[in-house]
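Number of protein chains: 2
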Amino acid sequence: MPATPFSRSFLISQPRFNHYINPIFRSVTHQLSSSPFPFNVKSSTVRFHCALSQAAETDSTSGGRSGALSPTPPVTGEVKKIDVNPPKGTRDFPPEEMRLRNWLFNNFKEVSRLYGFEEIDFPVLESEALFVRKAGEEIKDQLYCFEDRGNRRVALRPELTPSLARLVIQKGKSVSLPLKWFTVGQCWRYERMTRGRRREHYQWNMDIIGVPGVMAEAELISSIVSFFKRIGITESDVGFKVSSRKVLQEVLKCYSIPENMFGKVCVIIDKIEKIPVDEIKKELKALGLSQEAVQELLQVLSVKSLTELEERLGGSGEAIADLKQLFSLAEKFGYSKWLQLDASVVRGLAYYTGIVFEGFDREGKLRAICGGGRYDHLFSTFGADDIPACGFGFGDAVIVELLREKGLLPELSLQVHNIVCALDEELQGCAAMAANILREKGQSVDLVLESKPLKWVFKRAARTNAERLVLVGNSEWQRGMVRVKILSTGEQYEVKLDDLK
Amino acid sequence: MPATPFSRSFLISQPRFNHYINPIFRSVTHQLSSSPFPFNVKSSTVRFHCALSQAAETDSTSGGRSGALSPTPPVTGEVKKIDVNPPKGTRDFPPEEMRLRNWLFNNFKEVSRLYGFEEIDFPVLESEALFVRKAGEEIKDQLYCFEDRGNRRVALRPELTPSLARLVIQKGKSVSLPLKWFTVGQCWRYERMTRGRRREHYQWNMDIIGVPGVMAEAELISSIVSFFKRIGITESDVGFKVSSRKVLQEVLKCYSIPENMFGKVCVIIDKIEKIPVDEIKKELKALGLSQEAVQELLQVLSVKSLTELEERLGGSGEAIADLKQLFSLAEKFGYSKWLQLDASVVRGLAYYTGIVFEGFDREGKLRAICGGGRYDHLFSTFGADDIPACGFGFGDAVIVELLREKGLLPELSLQVHNIVCALDEELQGCAAMAANILREKGQSVDLVLESKPLKWVFKRAARTNAERLVLVGNSEWQRGMVRVKILSTGEQYEVKLDDLK
Chain C
1 MPATPFSRSF
11 LISQPRFNHY
21 INPIFRSVTH
31 QLSSSPFPFN
41 VKSSTVRFHC
51 ALSQAAETDS
61 TSGGRSGALS
71 PTPPVTGEVK
81 KIDVNPPKGT
91 RDFPPEEMRL
101 RNWLFNNFKE
111 VSRLYGFEEI
121 DFPVLESEAL
131 FVRKAGEEIK
141 DQLYCFEDRG
151 NRRVALRPEL
161 TPSLARLVIQ
171 KGKSVSLPLK
181 WFTVGQCWRY
191 ERMTRGRRRE
201 HYQWNMDIIG
211 VPGVMAEAEL
221 ISSIVSFFKR
231 IGITESDVGF
241 KVSSRKVLQE
251 VLKCYSIPEN
261 MFGKVCVIID
271 KIEKIPVDEI
281 KKELKALGLS
291 QEAVQELLQV
301 LSVKSLTELE
311 ERLGGSGEAI
321 ADLKQLFSLA
331 EKFGYSKWLQ
341 LDASVVRGLA
351 YYTGIVFEGF
361 DREGKLRAIC
371 GGGRYDHLFS
381 TFGADDIPAC
391 GFGFGDAVIV
401 ELLREKGLLP
411 ELSLQVHNIV
421 CALDEELQGC
431 AAMAANILRE
441 KGQSVDLVLE
451 SKPLKWVFKR
461 AARTNAERLV
471 LVGNSEWQRG
481 MVRVKILSTG
491 EQYEVKLDDL
501 K
Chain E
1 MPATPFSRSF
11 LISQPRFNHY
21 INPIFRSVTH
31 QLSSSPFPFN
41 VKSSTVRFHC
51 ALSQAAETDS
61 TSGGRSGALS
71 PTPPVTGEVK
81 KIDVNPPKGT
91 RDFPPEEMRL
101 RNWLFNNFKE
111 VSRLYGFEEI
121 DFPVLESEAL
131 FVRKAGEEIK
141 DQLYCFEDRG
151 NRRVALRPEL
161 TPSLARLVIQ
171 KGKSVSLPLK
181 WFTVGQCWRY
191 ERMTRGRRRE
201 HYQWNMDIIG
211 VPGVMAEAEL
221 ISSIVSFFKR
231 IGITESDVGF
241 KVSSRKVLQE
251 VLKCYSIPEN
261 MFGKVCVIID
271 KIEKIPVDEI
281 KKELKALGLS
291 QEAVQELLQV
301 LSVKSLTELE
311 ERLGGSGEAI
321 ADLKQLFSLA
331 EKFGYSKWLQ
341 LDASVVRGLA
351 YYTGIVFEGF
361 DREGKLRAIC
371 GGGRYDHLFS
381 TFGADDIPAC
391 GFGFGDAVIV
401 ELLREKGLLP
411 ELSLQVHNIV
421 CALDEELQGC
431 AAMAANILRE
441 KGQSVDLVLE
451 SKPLKWVFKR
461 AARTNAERLV
471 LVGNSEWQRG
481 MVRVKILSTG
491 EQYEVKLDDL
501 K
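So the protein lines, in turn, are chains C and E. Residue 32 in the UniProt record's numbering sits at position 32 of the first sequence, with consecutive numbering throughout. Residue 337 in the UniProt record's numbering sits at position 337 of the second sequence, with consecutive numbering throughout.
For the record, the hints were derived by calculation from the structure and aren't laboratory data. One or more of the hints may lead you astray.
Put simply, identical chains are the same to the list, so a pair is met inside one copy or across any two.
[Unchecked claim] Straight line, CA to CA, 30 Å or less: simulated BS3-like cross-link-like pairs of lysine-lysine:
id, residue 1, residue 2
1, K455, K281
2, K134, K285
3, K455, K496
4, K441, K109
The task is simple: from the sequences and hints, build the whole structure.
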């Protein structure tokens, strides 16, 4: 084996692409003028060149360098800048976005806990089969699915309910019903990108498993109302359209439409505000519904009051009974002003069976804010015995649009208690000591890790909204003291290290 | 179009697979005896049958049913139970696991905030190119990568640092250095499954961007020590092996090994405790290192004291200077007993350039608990100017094993403040009213949503660790009162609804 097999240099002749992050730090970048992994940016994708093999063909002079070594390889040449954006339809959460996300999620979680729900989660990657239903749902065509290295068909979850059902079945008799579970998780849909539509979003779900009566739906809607109130949204901003899938079911029954068409009919009806009504009619007829049935269906769907619905369906059916009970409970829960009957609401998921609801902005500018309903037969589609269940999904996208629209987005800024700084490079370890004393007392500390002028320190303190500046100087330190400055008032004092708090 | 095109029944003759979730709820399952989507379970994967097309071939009698309609379709026949496990190598988080995860993550987050770090996040799905480096890292062969519907090569992130670098480059001059950022995010590796190895784990990362000196590494290690202390782990349980990649660099320099071999050498050296030393030698020789260089390298790597290392390398290099400074700062920070020099530590990622460290259990039973180091040249590999940076990753798996081993896992149980129950079905709305009064005052309430005997209510209260039982009975309600029972003492009293708190 040759002792110096690297007898070629690895030069690529193109000039280096210079993108300065921050001019302050240009000085530290001189050591290495490029890298071994040049990227060629081609539209939004990034492809690799193997610099090594390329270069080997273009130059074969000079030997192994013996000058100042830099730990990453010494290929001199072009490194094109990587695509700095996250994949299409996805988001980064830099600190300011993350603060908003945390604020939102904390409200989701706090409401869930006030309602006595327990938090759960599932893998973001599931078996594709868990999500593939044959009712023509939009969700199926938007599955982020692929085959893993073990040839399993897997998918990034487009929704959380199927995983919930899977977990409940897995737990079997080991859990006591009713279960009240919530989760806040990321979901993925490969959608065509339109304004405001992304390919991932987070969804808050609350589900009640094991309660057959409408009290469960009433409790779920109550929790959403509590959430709205917490974040400043009122009944004049938002309402809930409510219906029951049993309404459709009763109509279909009159026309002897087979039950296995039910999910498909619902999925078509759900598009009623998105596509022309003629298109809806065409699709329903293609399913095999008669002209008459389609006509009746569309008329019933246009009903906006419980009284009228009762006149049409008669008062004896379950649809009317459930809806009456829900409206009556809403009075007691105190949110009846938020509810309105709207028979056209069916929701787009095949598995709903009873009450369905949808949160909407009263100005009608936005898509549905949240939606849910009863799904008493989902478990049997997975081969288990059914359990009565209901739940809702509440995304993180539309609500933020609404809050922005209403001027209700909170102002959330970074806030540390202290900035701690050594006045002398040799005192940095001492500053660390002071910082850790404060941290052990629960105080957050931004420790200045370099030797910086005081002007820089004050600027940083302003940026981090620090309440106090703790200065570690030589003369104070020798007396076991540090200097503290309250930044809002300018007040200054010395304090013993042990008394710092 | 025929008015009744559904002239076939959809019967599959196999008997139904019965899996009872909970016998209590058998009664509610009678309506629907099966579903339209039978699953055939085949090992761990789930495949679909189209019941509709199958059935249509086997039977063509009977018409659309007009009996009791159930909202999901009426295919009678076998529905095999879905695979109830999450995909191989992934986890569900039922409530008890979720409480542990939240406890762990809250400790990660609280420590990060005490150190003045800001939380960030990135998509779990990134461009594959972001993670593909050519240094022979294990991580590359374990990428969960696929092509999306737009023919983009994407991957579930195996680590968080490349995304962080991408975001920093994207932010450019709009952010002020240094950045102190942390994140707790899920990462994926398609590993061969061995005991305790999963394909996903959550990782806590803290990174400091823009600080060239060793104070930054010292601060990071300090934050991990703070975390350990919070959760009851001491320096007798855990230590940090510390070295610098500059040690290797200085050795390679003596033997005129080209710099572009550096990453590859590090990746091989990282396997030193996992594969036989002869294998390491073979791989290093295959890279082109001479017998002599390999010998010297392995001897230096066996060094376990700073004094010996200084004797071997001489005292003038950066490696020794950095390490001396780190040990000196560790004294001030107060964690010097946690540190030990171990020249064999290099970490498995190609991009580290300076100080590297690794948290280990002193009993030597577990894999590394956490690891990190300086990566001053990562940014230039993405075509941007370099910024000095360091950080660490801390997984959620090994630490839980260690806590279990040490008997330090916290006892975390569900705890609600109140269970609220109506004594009469007609009073359920009133119970909801009482529940919401308590919730508005910040009290969590498990509202009983069905008519249940008191025995059941007490059992549930015991399971949820409720502190109080609030009973809504007719005679009290008419006086605007409810009955409260303190469950720990048995004390009972009546209280006005408005005075509930």
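ask   = Within a copy, between copies, both or neither: where do K441 and K109 come within 30 Å Cα-Cα?
value = Intra 27 Å, inter 16 Å, cutoff 30 Å: intra and inter.
message = Checking an output row: K134 and K285, CA cutoff 30 Å. Within, between, both or neither?
response = within (18 Å within a copy, 58 Å between copies)
message = Please sort K455 with K281 into within, between, both or neither, judging by C-alpha distance up to 30 Å.
response = neither (71 Å within a copy, 54 Å between copies)
ask   = At most 30 Å between C-alpha atoms: does K455 with K496 qualify within a copy, between copies, both, or neither?
value = within (25 Å within a copy, 60 Å between copies)
Hint 1 from the earlier list is the only one contradicted by this structure; the remaining hints agree with it.
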